[in-house]
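For this one, chain A is given, so just place chain B on it according to the hints.
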Amino acid sequence: MTMDRRELVKAGALTAAGVLATGALVARARLDRETGDPQGEGTVRQLTVLNNIEPRFDEDVLLRMQRDLVKAMAKPVEQRRWVMVIDHRKCVGCHACTIGCVAENKLPPGVVYRPVITEERGEFPNVHLKFTPRPCMQCERPPCVPVCPVKATWRRPDGITIVDYDKCIGCRYCLTACPYGARTSDFGLHYMDGAAVGADGAAVMGPEQKLEDLPNYEYGKAWSRDGHRSPVGNARKCHFCLHRLEVGQLPMCVTTCIGRATYFGDASDPDALVTELIAKNNVYTLLPHKGTSPRVFYIA
Amino acid sequence: MAQRNAANSMGGSKMASLHSTSVAEPVASPPPIAPPIRLLFWALWLIALGLGLVGVYQRWLLGHLPAGYGSFVPWGLWVAIYFHGVGIAGGAFLLGAGGFLVGLPGFRNPATLRTVIVLSVAAVIPAFLGVWLDLGHMERAAFIFFSPNFNSMMTLNAWMYNAFIILAAVCWLLTFQRRSAWLKPLLAPAILFSIMFPSQSGAFFGVVEAKGFWHSALLPMLFLASAITAGGATLLAVRILLGPGAESAADHEAAVRRLRAVTLIGLTVYFVFEFAEFSIALWNPDVHAPAIELILRGPYWWVFWIVHLILGGILPFVLFLTRRSNAWLIAAILVGVCFISARLNVLIPGQAVGELEGLQDAFHHERLKYIYHATPMEYFVGLFLLAVGVAVFFLGSKINDVAARHFGLHD
Chain A
0 MTMDRRELVK AGALTAAGVL ATGALVARAR LDRETGDPQG EGTVRQLTVL
50 NNIEPRFDED VLLRMQRDLV KAMAKPVEQR RWVMVIDHRK CVGCHACTIG
100 CVAENKLPPG VVYRPVITEE RGEFPNVHLK FTPRPCMQCE RPPCVPVCPV
150 KATWRRPDGI TIVDYDKCIG CRYCLTACPY GARTSDFGLH YMDGAAVGAD
200 GAAVMGPEQK LEDLPNYEYG KAWSRDGHRS PVGNARKCHF CLHRLEVGQL
250 PMCVTTCIGR ATYFGDASDP DALVTELIAK NNVYTLLPHK GTSPRVFYIA
Chain B
0 MAQRNAANSM GGSKMASLHS TSVAEPVASP PPIAPPIRLL FWALWLIALG
50 LGLVGVYQRW LLGHLPAGYG SFVPWGLWVA IYFHGVGIAG GAFLLGAGGF
100 LVGLPGFRNP ATLRTVIVLS VAAVIPAFLG VWLDLGHMER AAFIFFSPNF
150 NSMMTLNAWM YNAFIILAAV CWLLTFQRRS AWLKPLLAPA ILFSIMFPSQ
200 SGAFFGVVEA KGFWHSALLP MLFLASAITA GGATLLAVRI LLGPGAESAA
250 DHEAAVRRLR AVTLIGLTVY FVFEFAEFSI ALWNPDVHAP AIELILRGPY
300 WWVFWIVHLI LGGILPFVLF LTRRSNAWLI AAILVGVCFI SARLNVLIPG
350 QAVGELEGLQ DAFHHERLKY IYHATPMEYF VGLFLLAVGV AVFFLGSKIN
400 DVAARHFGLH D
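Line by line, the protein sequences are chains A and B.
Mapping of the first sequence onto numbering that gives the first Met the number 0: position 58 corresponds to residue 57, and the numbering continues sequentially without gaps.
Mapping of the second sequence onto numbering that gives the first Met the number 0: position 252 corresponds to residue 251, and the numbering continues sequentially without gaps.
The shape of chain A in the complex, shown without the other chains:
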């Protein structure tokens, strides 16, 4: 060793300082889990949807769920516990939820929030198809959140995991961390890229007509993808149509389900339809061994 005692002490002190500083930064991040989301009475929504429609015992489950939604929105956000229940027995694999979601959120090619997985089971002639719609699981312990290097994604007090499009750097670490493959990256594709245009192309496909450059309203804000602006380049995911919930509308996939196989509501409400379904049926979650505690339940 060619270091003298003084150099050795300095080296030890500097190294220890480096290790301690690293440890302190990690420890602080572990302890400080506050997201800064608004909570309390300021988040209460007194929605008037369905005020003039009397409940009936034989009404469509969509109306029942919408009443549950209005009731939940009248509580502070931290008291809501949004869950989704999907009944395999009723799902016919029509993909209406997938398409409804694409339309609602104006999803570009390669971005999907709610694909429907089709499995063929058994052997001919004793075969059947099983359809598994896969929205974001809105995990209670979402593995996609801690990996984000810039705090651009977090879990809200009502349990929905969201992405701040203005903050996301597009590193795609969260995509690899999600075991359900529920996050996709917006690479900037357009459905009309390369589309044939005729003589009247400018009129039909001109900038003012380009549907895909019209904004979507995720998270209650108008996002225009024109000019490689966010959400182009971002990680994107299902958010249970948060922007619709805020105005008393059910998530689009729930509304468009032709078999009424998808249910949505506040599981902290003992009278809600979803609570009833979870209690009465033998529900299960996807990949339970991953320890993520999903909030999407399936009825087998």
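If you're looking for bench data, these hints aren't it; they were derived computationally from the structure.
Positions of the beta carbon are idealized from the N, C-alpha and C atoms, including for glycine.
Any given hint could be a false lead.
Claimed, not checked - SDA-like, lysine to any residue: derived pairs with alpha carbons at most 25 Å apart: (1) K368/B with E211/A; (2) K289/A with F142/B; (3) K9/A with R177/B; (4) K166/A with S146/B; (5) K105/A with H405/B; (6) K70/A with Y218/A; (7) K9/A with R178/B; (8) K397/B with L60/B; (9) K289/A with W158/B; (10) K105/A with D192/A; (11) K89/A with E33/A; (12) K9/A with H364/B; (13) K105/A with S146/B; (14) K166/A with R178/B; (15) K129/A with V8/A; (16) K129/A with H364/B; (17) K129/A with H363/B.
As the list claims (entries may be wrong) - Label-pair distances were calculated between CB atoms; the ranges are: (18) E208/B with V48/A: 34 to 44 Å; (19) E40/A with I165/B: 10 to 20 Å; (20) H214/B with Y216/A: 30 to 40 Å; (21) D163/A with R256/B: 34 to 44 Å; (22) D163/A with R37/B: 45 to 55 Å; (23) N283/B with N281/A: 51 to 61 Å; (24) N51/A with D360/B: 40 to 50 Å.
Here is chain B on its own, set in the frame of chain A:
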């Protein structure tokens, strides 16, 4: 004269004649490469740069559209280059600065340390450039410093690399002082960082529980072993190419022999670790280990068997066992280049296996597939990164010479 004798003993008369200039100029010798080979080297560099600029232009103009990665395999060639670059930087610095710190023959000269620092920086800059180009929003890269989340291994990694670069830059400046009381004390944490960040690169994947192939405690060890191996090999290649420089010929030879030994040990350790991982996963005859099966029998089987095992392992191992320094140079270059396959074989197969069966067929799109093929644009950008690394090293070496002359140092 001693240098000339040593050069003769290591590489024959051609090397000796080229080394002869270093006797007159003790600060840093010109590369012992014959002019035609040097010309060929720079021609290849120009081609790499030219093609690379085409790739960068495409990336700039078209964003990620010409790239082959998607949402199910979100990271591709550039991320592999990134981890390979930082591995070389960490490994080379650990060995070179460690040798300087403990005063090993062939490493104890400040001029040698400067070369090591320049090599590390030349490896880390293109790595950063590669991962920057990989971002969806390059203009937001600095968010990682202004709004960091230290629960993320990516943040910890990025901060540590940058702390390392700052420390290395300060150490580089201090090498120009005749007797700095802070050089060695500052090298100690820099060396610690150079051990930590390659290990963290493994942890970067290891903490991702969603990917069964990645979620292993062995991964940080594998990454550290590959960093030391590839970094040692690259440093060895540079030392052989540059010749003794400011070191005595005997010290230089001792350093070369030591780096060869480290690289050989690194190779052995890496392949033992890899064997351990694969054999345990495949021991049960009925086991299904899709990621490993992809590595061994998938469409890119040749990356493992030819690039990694033969060109990056067996052939260099045999060449290192010979007594010819020219063979060691080839072996070192092979390890330094081919060990990128070690990164690719962790990165891609880990992503190419989904947890939910049938997800790939649920919604059809090219970006929603568990298969990845790098596109020409990605390869071109890869060449650009290589050209940048070479240029940074070349320029850094020139700056070393000029600065040493400016400070009147003969080390």
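Results for each hint:
Of the supplied pair hints, the one linking K368/B and E211/A holds, its CA atoms being roughly 24 Å apart against a limit of 25 Å. For the hint linking K289/A to F142/B, the alpha-carbon distance of about 30 Å lies beyond 25 Å, and the restraint is violated. Between the alpha carbons of K9/A and R177/B the distance comes to roughly 19 Å, so the proposed pair stays at or under 25 Å and holds. Using a Cα cut-off of 25 Å, the hinted pair K166/A and S146/B holds, with the two alpha carbons roughly 9 Å apart.
Distance hint between K105/A and H405/B is unfulfilled; the C-alpha atoms sit about 62 Å from each other, more than 25 Å. Distance hint between K70/A and Y218/A is fulfilled; the C-alpha atoms sit about 21 Å from each other, no more than 25 Å. Annotation: proposed proximity of K9/A to R178/B holds, straight-line Cα distance about 16 Å (limit 25 Å). For the hint pairing K397/B with L60/B, the CA-to-CA distance comes to about 34 Å; that exceeds 25 Å, so the pair is violated.
The straight-line distance between the Cα atoms of K289/A and W158/B is roughly 29 Å, outside the 25 Å bound, and the hint therefore fails. This hinted pair checks out: K105/A and D192/A have alpha carbons roughly 15 Å apart, not beyond 25 Å. The hinted pair formed by K89/A and E33/A fails the criterion: a straight-line CA distance of about 40 Å is larger than 25 Å. For the hint linking K9/A to H364/B, the alpha-carbon distance of about 57 Å lies beyond 25 Å, and the restraint is violated.
About 29 Å separates the Cα atoms of K105/A and S146/B, which puts this hinted pair outside 25 Å; it is violated. For the hint pairing K166/A with R178/B, the CA-to-CA distance comes to about 47 Å; that exceeds 25 Å, so the pair is violated. With a CA separation close to 67 Å, the supplied pair K129/A and V8/A exceeds the 25 Å bound. Annotation: proposed proximity of K129/A to H364/B holds, straight-line Cα distance about 22 Å (limit 25 Å).
About 18 Å separates the Cα atoms of K129/A and H363/B, which keeps this hinted pair within 25 Å; it holds. The hinted window of 34 to 44 Å between E208/B and V48/A holds, with their beta carbons roughly 41 Å apart. Take E40/A and I165/B: their Cβ atoms lie about 48 Å apart, and the range 10 to 20 Å is violated. The hint said 30 to 40 Å for the Cβ distance between H214/B and Y216/A, and at roughly 37 Å that hint holds.
Between D163/A and R256/B the beta carbon distance is about 55 Å. The supplied range of 34 to 44 Å is therefore violated. Checked against the hint of 45 to 55 Å, the C-beta distance between D163/A and R37/B comes to roughly 52 Å, which is consistent with it. A hinted range of 51 to 61 Å for the beta carbons of N283/B and N281/A is inconsistent with their spacing of about 32 Å. For N51/A and D360/B, the Cβ-Cβ distance of about 46 Å falls inside the hinted range of 40 to 50 Å, so the restraint holds.
When each numbered hint is compared with the structure, violations occur for hints 2, 5, 8, 9, 11, 12, 13, 14, 15, 19, 21 and 23.
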